[in-house]
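Residue numbers (this note's numbering), protein chains in the order written: chain A, 990 to 1406; chain B, 627 to 850.
No lab work stands behind these hints, which were simulated from the structure alone.
Warning: the hint list may mix true and false statements.
[Stated by the list, open to error] Some chain B residues close to chain A (C-beta under 10 Å, calculated; not the full set):
| id | residue |
| --- | --- |
| 1 | 641 |
| 2 | 682 |
| 3 | 683 |
| 4 | 729 |
| 5 | 732 |
| 6 | 785 |
| 7 | 843 |
[Claimed, not checked] Derived PhoX-like pairs: lysine-lysine, alpha-carbon spacing no greater than 20 Å straight-line:
| id | chain 1 | residue 1 | chain 2 | residue 2 |
| --- | --- | --- | --- | --- |
| 8 | A | 1284 | B | 847 |
| 9 | A | 1261 | B | 713 |
| 10 | A | 1162 | A | 1261 |
| 11 | A | 1221 | B | 791 |
| 12 | B | 827 | B | 779 |
| 13 | A | 1032 | A | 1055 |
| 14 | A | 1282 | A | 1237 |
| 15 | A | 1032 | A | 1058 |
| 16 | B | 770 | B | 827 |
| 17 | B | 745 | B | 770 |
| 18 | A | 1282 | B | 779 |
| 19 | A | 1248 | A | 1278 |
| 20 | A | 1261 | A | 1072 |
| 21 | A | 1221 | B | 847 |
| 22 | A | 1032 | A | 1043 |
| 23 | A | 1093 | A | 1074 |
| 24 | B | 847 | A | 1237 |
| 25 | B | 770 | B | 628 |
| 26 | A | 1237 | B | 779 |
| 27 | B | 847 | B | 791 |
| 28 | A | 1093 | A | 1055 |
On a predicted model such as this, the values are computed, not experimentally measured, just so you know.
The beta carbon of each residue, even a glycine, is placed where N, CA and C say it ideally should be.
The residues making up each chain are set out below.
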Amino acid sequence: MKLFAKYNRIILLATIIIFLLASATFYVAIRYILIGQVDDDLKIEQREIETYVKEHNVLPEPIPVKDQKISYAPTSEVSKERKFKTISGFDPEDNEKNSYRVLKFGVTANGKVYSVTVAKSLQGTDDLINSILLITSITILVMLVVSLAINRILLKRLWGPFYDTLNLLKKFKLDKKQSANFPTTNIDEFALMNETLERTTHQAREDYLLLKEFTENASHEMQTPLAIIRSKLDLFIQSENLSEDQSKTIQSAYTAVEKLSRLNQSLLLLAKIENNQFAETSLVNLEEKIEEKIKAFNELWQSQNISVSTSIGNALVSMNPELADILFNNLFSNATRHNIPNGSVRIELSTKQLKITNTSDQKELDRERLFTRFSKTTGSTGYTGLGLSIIKQICDVSGFILNYSFEKQLHSFVILW
Amino acid sequence: MKVLVIEDERELSDSICSYLANEQFICERALDFQTALEKVSLYDYACIILDVNLPGGSGLEILNELKKENKVDGVLIISARNSLDDKVFGLKAGADDYLTKPFHLAELGARVAAIIRRKSFEGKNQVVLNELTLNLAEKEVRIKNKPVDLTRKEYELLLYFISNKNKVIAKNAIAEHLWGDNMDLADNYDFIYTHIKNLRKKLMQAGAADYIKSIYGMGYKFST
């Protein structure tokens, strides 16, 4: 739920409850006051009647006044009590039902006891209450709508810097060239947030760059010792009298050094791609490139009895030519390395995509970890575990989409551009 | 013929010199920029093996110096920096070839041999070894003047062997030479074995001696 929606919901609910309570209280209060006034009028009427009776000792003729009716009824018992009552009755003048406020009291005239009933129509009062309530309700409703609208606009504006920051964070990437520049704002909370975020992202970037630099430097520094080890091994095998055991030992050392230098090269390559050292692009004729690679790998596939099927169309793609070479080498190597004897490789190139499918004895690969560095599925000794990371990285910098699918025991990598 | 190794890492420089030095080559060494500059201006070398990162200066400055003095020494740059920029820059500055560390000595030997061939047998692009004659321009092999039908890989392999004759070459070095180091297939040597077997058969069928010997499955040696 959006912050606005949640805020509005709470505010709306609270306003409506307050509005209902206020309306009810208002109604009760106004009614109480107005009825009190009518009662006062009735009391004045009573006093007038009582004064008249005291002076003349007869009941006054009831004068027909609008909204007021006086009637006398002889009664046996004298009640000193005054009784107020609200009743509804028929109003012949308006020809409709109306409510009346009625006062009953006893009067003694001519030695006879009468019960006097003074009734006052409440129509005017009710009308007044209704109009007051209507005006109040409309005012409150208008206020409600206006305040909601103002809140909406105001909140949107107030939270603007927050959403700006959010959008910036969404786009923020550690390996991007420049660090995130959060907008300045005069709201303390947001300013604090931006400042904190800026510090955190800056620190993260710094750490990332440091780590990257370390990897790069480590790889660089490793090259010379590796070169020395390799050259010493190359010299060592020139010895005339090596035994078979010694040769085997040297072979193992060779393979290990080989793997180490390959690993080193791959790490350096990844660092270089990340450093944008392959920024130059040109139109690469993929058809030619792929045909060339197929030719290069054919021998290898033949030696492992891997059957190859191809469907090569035209494709021109703008990318770094060197990276294109590395990309296809890695894709083809990958499809070969994890293949099985008598397996197959299928290469499909169309104007929009390249799909490489291969057989393998491996199960479906874990998509989550597929392109992370050193995520190895098998203990293949010659394999560095960086091949797919390199493929992914090249696709990323070239703006391609890389997908993996597994169907009918076939592993496919699809590159879309 | 003299070869100069300009490399500040003594151990590596030692290895290179011991590998290259034979009845044909005399190997000299320079461990820093100043010595290198002196040697380069005083003597002529068939080939200079040049490290780009030197204490006291850049290897590329030595290249410029060579050019200024109109020397025709062949130059092979060896650099830890596996960057295309370096490569392009070095080759533009007049280097003949470029090799990235770490390399196999056999690969270095082949590159040096190629540079020396280019520099010293101008026009006459031929390598002759006993009954074998390689025409480098045509990439053609003749044995006792009869052409031998070799595939491209077999031809490359033969030239590689001849450039490193009487040296044991590790399988890994051969694989790297034939396939380049971009192919991440380090532990697959079956196809090398097939190539060598075929090459050997073809050479012997055409009447050549059995030059290629396997050394305990570790590597091969082309002995003359």
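Consistency of the hints with the structure:
1. 641: OK, holds: residue 641/B within 10 Å of chain A, min 3 Å.
2. 682: 17 Å, violated
3. 683: Hint violated; residue 683/B Cβ to chain A Cβ min 18 Å, cut 10 Å.
4. 729: Holds, because the Cβ-Cβ distance from residue 729/B to chain A comes to roughly 7 Å (cut-off 10 Å).
5. 732: Where the cut-off is 10 Å and the nearest Cβ of chain A is about 7 Å from residue 732/B, the hint holds.
6. 785: 18 Å, violated
7. 843: The hint holds - residue 843/B has a Cβ within 10 Å of chain A, the shortest such distance being about 7 Å.
8. 1284/A <-> 847/B: 28 Å, violated
9. 1261/A <-> 713/B: At roughly 15 Å apart (the allowed maximum being 20 Å), residue 713/B and residue 1261/A satisfy the hint.
10. 1162/A <-> 1261/A: Measuring from Cα to Cα gives roughly 17 Å; hence the hint holds.
11. 1221/A <-> 791/B: 18 Å, holds
12. 827/B <-> 779/B: This hinted pair holds, its Cα atoms lying about 15 Å apart.
13. 1032/A <-> 1055/A: 17 Å, holds
14. 1282/A <-> 1237/A: 33 Å, violated
15. 1032/A <-> 1058/A: Satisfied, since the Cα-Cα distance of roughly 14 Å is no more than 20 Å.
16. 770/B <-> 827/B: At roughly 16 Å apart (the allowed maximum being 20 Å), residue 827/B and residue 770/B satisfy the hint.
17. 745/B <-> 770/B: Roughly 26 Å between the alpha carbons, so the hint for residue 745/B and residue 770/B is violated.
18. 1282/A <-> 779/B: 15 Å, holds
19. 1248/A <-> 1278/A: 27 Å, violated
20. 1261/A <-> 1072/A: Distance ~101 Å between residue 1261/A and residue 1072/A Cα, so the pair is violated.
21. 1221/A <-> 847/B: Holds, at roughly 17 Å.
22. 1032/A <-> 1043/A: Holds, because 16 Å separates the two Cα atoms, which is no more than 20 Å.
23. 1093/A <-> 1074/A: OK: residue 1093/A and residue 1074/A at ~8 Å, within 20 Å.
24. 847/B <-> 1237/A: 16 Å, holds
25. 770/B <-> 628/B: 31 Å, violated
26. 1237/A <-> 779/B: 27 Å, violated
27. 847/B <-> 791/B: 7 Å, holds
28. 1093/A <-> 1055/A: 19 Å, holds
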